[in-house]
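J.: Each chain is listed here by its residues.
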Amino acid sequence: MIEEAVRFVINIPFGFFGSEAPEWLVFVHCSLIYGGVFMMAFISVLAFGSVWAERKISAWMQARLGPMEVGKYQGCLQTIADALKLLLKEDILPAAADKPLFTIAPILVFAGSLMSYVAIPFGPNLKVADLDIGVFYILGTSAVVVVGIIIAGWSSYSKWSIYGGMRAAAQYVSYEIPTALHLLPVIIMAGSLNLIEIADEQQFFIGPVDCSFLTWNLWPWINPFATVSFIMYYIASLAETNRTPFDLAESESELVAGSHTEYSGIRWSFFFLAEYADMFVVSALGTILYLGGWHGLPIPVIGPYLAPFFFLFKVLFLMFIAIWLRWTLPRLRVDQLTYLCWKVLLPFGMVTVTGTALWQLYFYKTPVGVILGTVIAIGTIWAMIKIYRSESIPEKGKPMARRDQVAATPS
Amino acid sequence: MFDFIFFVFSFVCIGSALFVAFTPNVVHAALGLASTFATLAGFYVLLGADFLAITQIAIYVGGILVLMLFGIMYTHTIARVSGEQVMMQVGPALLVVILTLFTLVATILSTAWPVKEVAPPAPTADRIGVLLMTDYLLPFEVAAILLLVALVGAVVIAQTPVRKSIEESVD
Amino acid sequence: MLTWIGNVASLKYFIGEIWLALACCIVLMLPLIPRFKNVRMSWVTIAAILFAGICVLRLPTALPEEGGLFFGMLALDGLSKFFKLFFLISTLAVVLMTEVGREVPDYRKPEFYSILLGILLGAFLTASATDLLMMYLAIELLSLGSYVLAGFSRIEKKSDEAAMKYILYGGLSTGGMLFGMSYLYGLTGSTNLIAIREALEASQIHPLVFFVSFLLIMVGIGYKISAVPFHFWAPDVYQGAPTSITAFLSVASKGAGFAAFIRIFYTSFLSLNGEGLWEPVAQLDWRIFLSILAIATMTLGNLAAFGQNNVKRLLAYSGIAHAGYILVGAIALSEAGVQSILFYLITYLFTNLAAFTVVLILADCNGVEEIEGYRNLGTRSPWLAFCLGVALFSLIGVPPMAGFLGKWFLFAAAVETLDPWCVAAVVAGLLNSVLSVYYYFRIMKAMYLEKNEGAGPVKSHTVLNVVATAMTLPVLLIILDGGRLYDWTGELSKLLLG
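Protein chains in written order, with the working numbering: chain A, 1 to 411; chain B, 1 to 171; chain C, 1 to 498.
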């Protein structure tokens, strides 16, 4: 539809000369409208909403008075004022900065996030491109973001920026591995990298009622390994998006703001938008792969029409958890960060991938598998409660041994 | 339209490759290299190899290039890496370059390359997967050993020679 | 038409390699278990090598039906069996040399052996690969490990320099080789060596593109065998690397280069005409090019060795010259040529390892690498001097030693073809053998004729003495039954040709 409209509009000036617009011109304009208008608008609104939500949630959780008072209508206006301020703020270009790179960096970062949106389906028919390698595409394009962050850090000619950029890049690169590894179980289960196929694979109907919420990949009776993977994927994706507790790259108390310390105004807002855009992407990926995408709304007739909203609801729920965690957990140290990546997430990833392959062979969606998975899940939860109870009461006069302290000794 | 995209990609690819060769600033050169890698991925897309294209981006831009930038930033002239471009033996080098270029171009033009019919773009990921598990299983596994050796080798090279004393102190 | 054997059915011919890959991991992981922390990993390594040796010895020299393993990735033939044994012997010697030597500290030995076993696996695969992709991966596995081992003693600056030079040259030349392979793939539409030959025979390909492809592949292989325009890394790397690794590079790595050479060139670029002679594919008579390469290699190698004072460096140039001699056998393009290359490699293996063991004893236990340090070795340590002397005589090609027989067969195979280029190469080879007497005799002169008052007796280690002896005896004794050994190499010189 958009394509036809674009063709019509572009053909108007060409019509004066009796010729037709070349195909590539239509293509370029269509891409611009898809990417530049729709996606940009979506991301702006998303960021707007997220900032507001983040403020409100932090206020509730930590009894911050500001966001409860400032801005009318539950603080909505404050966010709008912030956005306007960002647009009007002076665009500062540090004198010592590497000017071309300083200009390119925010574009790269934002373009990298925007590229992922091409592959994300918002509903069964609401998608830009039905990519056969959707998951892999999203993982691959995040590479561009890393380059942008490093370039931003380097070109600012500031110590904080460079440290922030390097930390961000290191974190990004190393956490990319567990992220991808913990997506693999689902790819094994669906036998496809196509996001729509993966989502459709989790469909389950009882009569006309969409009972897919019973067969989401995340549930242990489908595959207990995938449950573990979902949790691990979520943790790794928090690190991928530089969210607290993994926000070493822009930790305010050490590095001011990390790689974008020197940026201001509209350029800074690109980094800002990219952060929330990224958050949405990883949450959407988790939703499609583990939470059944848009499936699972058990309303018979109008269910399919509400599917995109249900999808958005799930994604926003995952984003809400990220915000929740941000205001709950303190920041990790560097050694804890690497410990988590290489000694927890990665080995678990190996186990879950191998385990899923075996589970797929023998138990996947069989009655035995359902029972076994449920039993394993209940057993694990019970054991965890036991362990938690026994460990949370330290013996008198004896501090609990902390493994990370051993790891922290300089070597 | 494909022709148009192809020429845009070629122009950017060659242009950024030349930029890499001639810019005195190492970080600029690295960014130029990123652009070359990305446009190469574009060529893969034009050839219908979608999986390969994303692999190209993920490995070259996301892996190798980031590593190179890291390497640059670990050098002591961290902030201003722009050194002078020293050109030595311009004459002989130019001769070699021109000869090589001439030979390669002549080779490409003089050869009747066996050309296949243009296949309609089809998903490649599953075919690659199947091939990796059947015909190319052995190279796939050997690549794993290769990476293991590379990993151990990297650790060995990065290790400081005095590690033993620390090991003993931990015990 | 060949029948390719599938992955699972191929496994029973692949046990040796699987064991090597496993041992590569075991050696790395075992010291992490507290109980096995103090087990000497050399035992595990030696066990792995011996076990792989048994597996290789039990391999047939051909499959019941003619074909390749793993869907045409690997060949099971005499050539691969020969080279596997060749690599095993050289690696075993290197392990022994490393274990008692002091160049590699104890706590780093697990990594060392792990990488060495990886290299050995790469060499195994290089010897048997019949697919360009597999060949490239195998060569890369071999090279990558070698880069690390060349820079293994991190305390010495020289070692770092060696590794750096090795990896820079190596990266460039394997890159070139890969580019050449991509041309070959573009021309023929296949990566299988046999299919490539069939495609080359069937089609009319412009000689230029074939030449470019040939040349680029030769860059990669020439680098491995250190043939002349690609030899610049050899002296520095040989000098800088730990001596046991130098021995390994000069024998096993070079052998792998020749294995790849024979495999690619004799399978793809030649066709057998039925009388035990090969003919170059119609597009290009590359024999001329190779004979020029051979002559240049031996001459430059020998000339450059004249001024060297460092024995490792001198042996590097000697190794370059020997690569030239072996290439003479390669341009004979006959079955006798391949056979003589294999025979020469046997003699070269023992000779060079004997020489390097003595060099190791002097360098490692006594800190001497220059020729001056070898003065009066004849009285200070008569047996070591004798071993080195025998090795040097063999390298020259003096009659009772093994090297003589090797050269004899090589040159005979080349002369038999009556091709003018081959004859020219043989004449150059003979002249060069005479030339080389000069620098080998400089060491001999230092050992037996020059006085060195201050130096005491040579410190050594029993294992190293045993290795030196074990490597020297074959050099002396091969002459007794050279004929049968030559026949044996004849049996093993059969390639899978399709």
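Hints listed in this document are in silico derivations from the structure and should not be mistaken for laboratory results. Hints should not be assumed to be uniformly reliable.
Across the chosen pairs, the derived CB separations fall in these ranges [to be verified]:
{"hint": "1", "chain 1": "A", "residue 1": "61", "chain 2": "C", "residue 2": "36", "range": "47 to 57 Å"}
{"hint": "2", "chain 1": "A", "residue 1": "61", "chain 2": "B", "residue 2": "17", "range": "48 to 58 Å"}
{"hint": "3", "chain 1": "A", "residue 1": "191", "chain 2": "C", "residue 2": "51", "range": "57 to 67 Å"}
{"hint": "4", "chain 1": "B", "residue 1": "17", "chain 2": "A", "residue 2": "41", "range": "33 to 43 Å"}
{"hint": "5", "chain 1": "C", "residue 1": "229", "chain 2": "A", "residue 2": "32", "range": "26 to 36 Å"}
{"hint": "6", "chain 1": "C", "residue 1": "288", "chain 2": "B", "residue 2": "99", "range": "17 to 27 Å"}
Using N, Cα and C, we set each Cβ at its ideal position, and we do this for glycine too.
J.: Could you see if the CB distance from residue 61/A to residue 17/B stays within 48 to 58 Å?
T.: About 52 Å separates the Cβ atoms of residue 61/A and residue 17/B, which means 48 to 58 Å holds.
J.: Assuming the hint says 33 to 43 Å, is it satisfied by the Cβ distance from residue 17/B to residue 41/A or not?
T.: holds (37 Å)
J.: 17 to 27 Å was suggested as the range; check whether the CB atoms of residue 288/C and residue 99/B agree with it.
T.: holds (20 Å)
J.: Do residue 229/C and residue 32/A keep their Cβ atoms within the hinted range of 26 to 36 Å?
T.: At 53 Å between Cβs, range violated.
J.: May I ask you to test the hint 57 to 67 Å on the CB atoms belonging to residue 191/A and residue 51/C?
T.: violated (39 Å)
J.: Does the Cβ distance between residue 61/A and residue 36/C fall inside 47 to 57 Å?
T.: Check passed, 51 Å falls within 47 to 57 Å.
The structure shown violates the earlier hints numbered 3 and 5.
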